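J.: Residue numbers (the numbering used here), protein chains in the order written: chain C, 321 to 479; chain L, 201 to 378.
No lab work stands behind these hints: they were computed from the structure. Treat the hints loosely; a few may be bogus.
Said to hold, decoys possible - Footprint (simulated), chain L over chain C, 3 or more residues, beta carbon under 8 Å: (1) 401-413; (2) 463-472.
What the hints assert, rightly or not - Ranges between beta-carbon positions, derived for each pair: (3) C:G395 x L:V215: 35 to 41 Å; (4) C:A396 x L:P369: 37 to 43 Å; (5) C:W325 x L:P275: 26 to 32 Å; (6) C:S448 x L:K226: 42 to 48 Å; (7) L:V211 x C:S448: 23 to 29 Å; (8) C:A418 x L:T229: 21 to 27 Å; (9) C:D348 x L:T229: 33 to 39 Å; (10) C:D348 x L:E305: 54 to 60 Å.
None of these values were measured; they are calculated from a predicted model. Ideal Cβ placement from N, Cα and C applies to all residues, glycine included.
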Amino acid sequence: MLPRWLAVLMLLFSGAAFADVADVYDFDSAQQEERFQSLIEELRCPKCQNQNIADSNAPIARDMRDEAYRMMRDGASEDQIVDSLVARFGEFILYKPAVEKRTILLWATPFIAVFGGLLVVIGVVVRSRQSGQKAPALSAEEKARAAQILDGDEQDNRS
Amino acid sequence: MKRVLLFLPLVVALVLGVVLFAGIGKDTTTLESALIGKPVPAFTLADLHDAGLERSNDVLKGKVQLLNVWGTWCPACRDEHPDLLRLAKEKGVSIVGLNYKDNREDALVWLNRLGDPYSTSLYDPKGTLGFDLGVYGAPETFVIDAGGVVRYRHVGVVNQQVWEETLLPVINEAKGNG
Numbered sequence: 321m322l323p324r325w326l327a328v329l330m331l332l333f334s335g336a337a338f339a340d341v342a343d344v345y346d347f348d349s350a351q352q353e354e355r356f357q358s359l360i361e362e363l364r365c366p367k368c369q370n371q372n373i374a375d376s377n378a379p380i381a382r383d384m385r386d387e388a389y390r391m392m393r394d395g396a397s398e399d400q401i402v403d404s405l406v407a408r409f410g411e412f413i414l415y416k417p418a419v420e421k422r423t424i425l426l427w428a429t430p431f432i433a434v435f436g437g438l439l440v441v442i443g444v445v446v447r448s449r450q451s452g453q454k455a456p457a458l459s460a461e462e463k464a465r466a467a468q469i470l471d472g473d474e475q476d477n478r479s
Numbered sequence: 201m202k203r204v205l206l207f208l209p210l211v212v213a214l215v216l217g218v219v220l221f222a223g224i225g226k227d228t229t230t231l232e233s234a235l236i237g238k239p240v241p242a243f244t245l246a247d248l249h250d251a252g253l254e255r256s257n258d259v260l261k262g263k264v265q266l267l268n269v270w271g272t273w274c275p276a277c278r279d280e281h282p283d284l285l286r287l288a289k290e291k292g293v294s295i296v297g298l299n300y301k302d303n304r305e306d307a308l309v310w311l312n313r314l315g316d317p318y319s320t321s322l323y324d325p326k327g328t329l330g331f332d333l334g335v336y337g338a339p340e341t342f343v344i345d346a347g348g349v350v351r352y353r354h355v356g357v358v359n360q361q362v363w364e365e366t367l368l369p370v371i372n373e374a375k376g377n378g
C-alpha cells in the first residue's frame with residue numbers, strides 16, 4: 321500500500337502523461353504549434369491503422385512527425401507536407417481524402433442519402449394530402465340519409 | 201408501379217449486404233506502395249560490409265532485383281531468412297538487402313551466422329531510405345526493374361507461396377518489358 325502523500329503526489333503529476341506530442345518539439349509561436357498539432361491529428365499511421373500519427377507510438381509515426389516538423393520549420397505549407405508524406409505512404413494516410421474523380425462517390429454519398437430521404441418524405445406528404453382531398457364526396461342521397469340520421473338522433477335525445 | 205417501389209428497401213438492403221459482406225475478412229493491414237511505377241528515391245548509403253564504401257541508386261539498376269528491407273530486431277525477418285537464402289542460392293535471384301534501423305555489428309553477426317542472401321547490402325541505421333520508400337514495417341520486399349523503378353511491394357514474410365504466386369509473376373513481367 322502506497323503512503324497517502326505519495327499517491328496524492330503521483331496523481332498531481334499524472335497530467336504530464338496526457339501532454340500533447342507537439343510538446344516535445346520547439347516552435348516559433350503558439351500558432352505554429354497549433355498548426356502542427358492539427359496537421360498530425362489529420363494523418364493516419366500506416367502501421368497502427370486506427371490511430372493518427374499524433375497518438376501513435378509506432379516508430380514510423382514518430383518518423384512521420386519528425387519529417388512533418390522538419391518541413392514545417394523549413395517553411396513548408398500544410399499541403400506540401402501532406403503531399404510529401406502521401407508520395408511515400410499513399411493516400412491511405414489521409415483521414416480526409418482529396419476530392420477527385422475516384423473519391424467523388426465517397427464525398428457525395430451523404431448528400432445523396434439526405435436528398436433521397438427528402439424526396440421520400442416529400443412524396444409521402446404530397447400523396448397523403450392528395451388522398452385527403454380526393455376522399456369521395458357524399459352523393460345527394462347519402463347526404464339526405466346522413467341528415468336524417470343526425471336529425472333522428474336529435475329527436476331521440478329530446479324525447 | 202407502387203408494388204415495385206415497395207421492394208426498393210429490400211433491394212437496397214441486399215446490395216449493401218453484398219458489398220459489406222465482400223469486405224469481411226479482407227486484409228487491410230497490407231497497403232499497396234505509393235511508389236509503384238516510380239523510381240526508387242535517390243539515396244546515398246554506406247555498404248553494410250564496408251563503412252567506407254558509398255552506395256547509390258546504381259546498385260538497383262541494370263537487372264530485375266528484389267530489395268529486401270530487414271533488421272535484426274525483426275522476428276519475421278528471421279522467419280523469411282531461409283527462404284531468401286534459397287531464392288538467392290537455388291533460383292539465382294538477385295536480392296539487395298536494406299538493413300533498416302539496425303546497428304552494423306548485430307547485422308553482420310546475423311549474416312555470418314545465418315548466411316548472406318544479399319548481392320549488395322545497404323546500411324540505413326536512421327531509416328532514411330526506408331522512410332522515402334514508405335516502409336512501415338519490416339520485412340518488406342520490393343521488386344525493382346532494370347531501370348530502377350519500383351514494380352511491386354510485398355509487406356510481410358516472403359515464403360514459397362508468396363514467391364510463386366506473387367513475386368515471380370511480377371518479376372517475369374518486369375523482365376519481359378524492361
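J.: Hint by hint, say whether it matches the structure.
T.: Now for the hints, and whether the structure bears them out:
1. Coverage of the stretch 401-413 of chain C by chain L holds [criterion: at least 3 residues with CB-CB distance below 8 Å; count 7].
2. Interface restraint, the stretch 463-472 of chain C with chain L: violated (0 residues with C-beta to C-beta distance below 8 Å; minimum three).
3. Distance hint for C:G395 and L:V215: a CB-CB separation of about 49 Å, inconsistent with the stated range 35 to 41 Å.
4. Checked against the hint of 37 to 43 Å, the pair C:A396 and L:P369 passes, with Cβ atoms roughly 40 Å apart.
5. Between C:W325 and L:P275 the beta carbons are some 44 Å apart, a value that contradicts the proposed interval 26 to 32 Å.
6. Our hint of 42 to 48 Å for C:S448 and L:K226 holds, since their Cβ atoms are close to 44 Å apart.
7. For L:V211 and C:S448, the hinted distance range of 23 to 29 Å is satisfied, since their beta carbons lie about 24 Å from each other.
8. Taken as a hint, the range 21 to 27 Å holds for the pair C:A418 and L:T229, whose Cβ atoms sit roughly 23 Å apart.
9. Separated by about 38 Å at the C-beta atoms, C:D348 and L:T229 satisfy the suggested range of 33 to 39 Å.
10. Under the hint 54 to 60 Å, the C-beta atoms of C:D348 and L:E305, about 40 Å apart, miss the expected range.
Checked against the numbered hints given earlier, the structure breaks hints 2, 3, 5 and 10 and satisfies all the rest.
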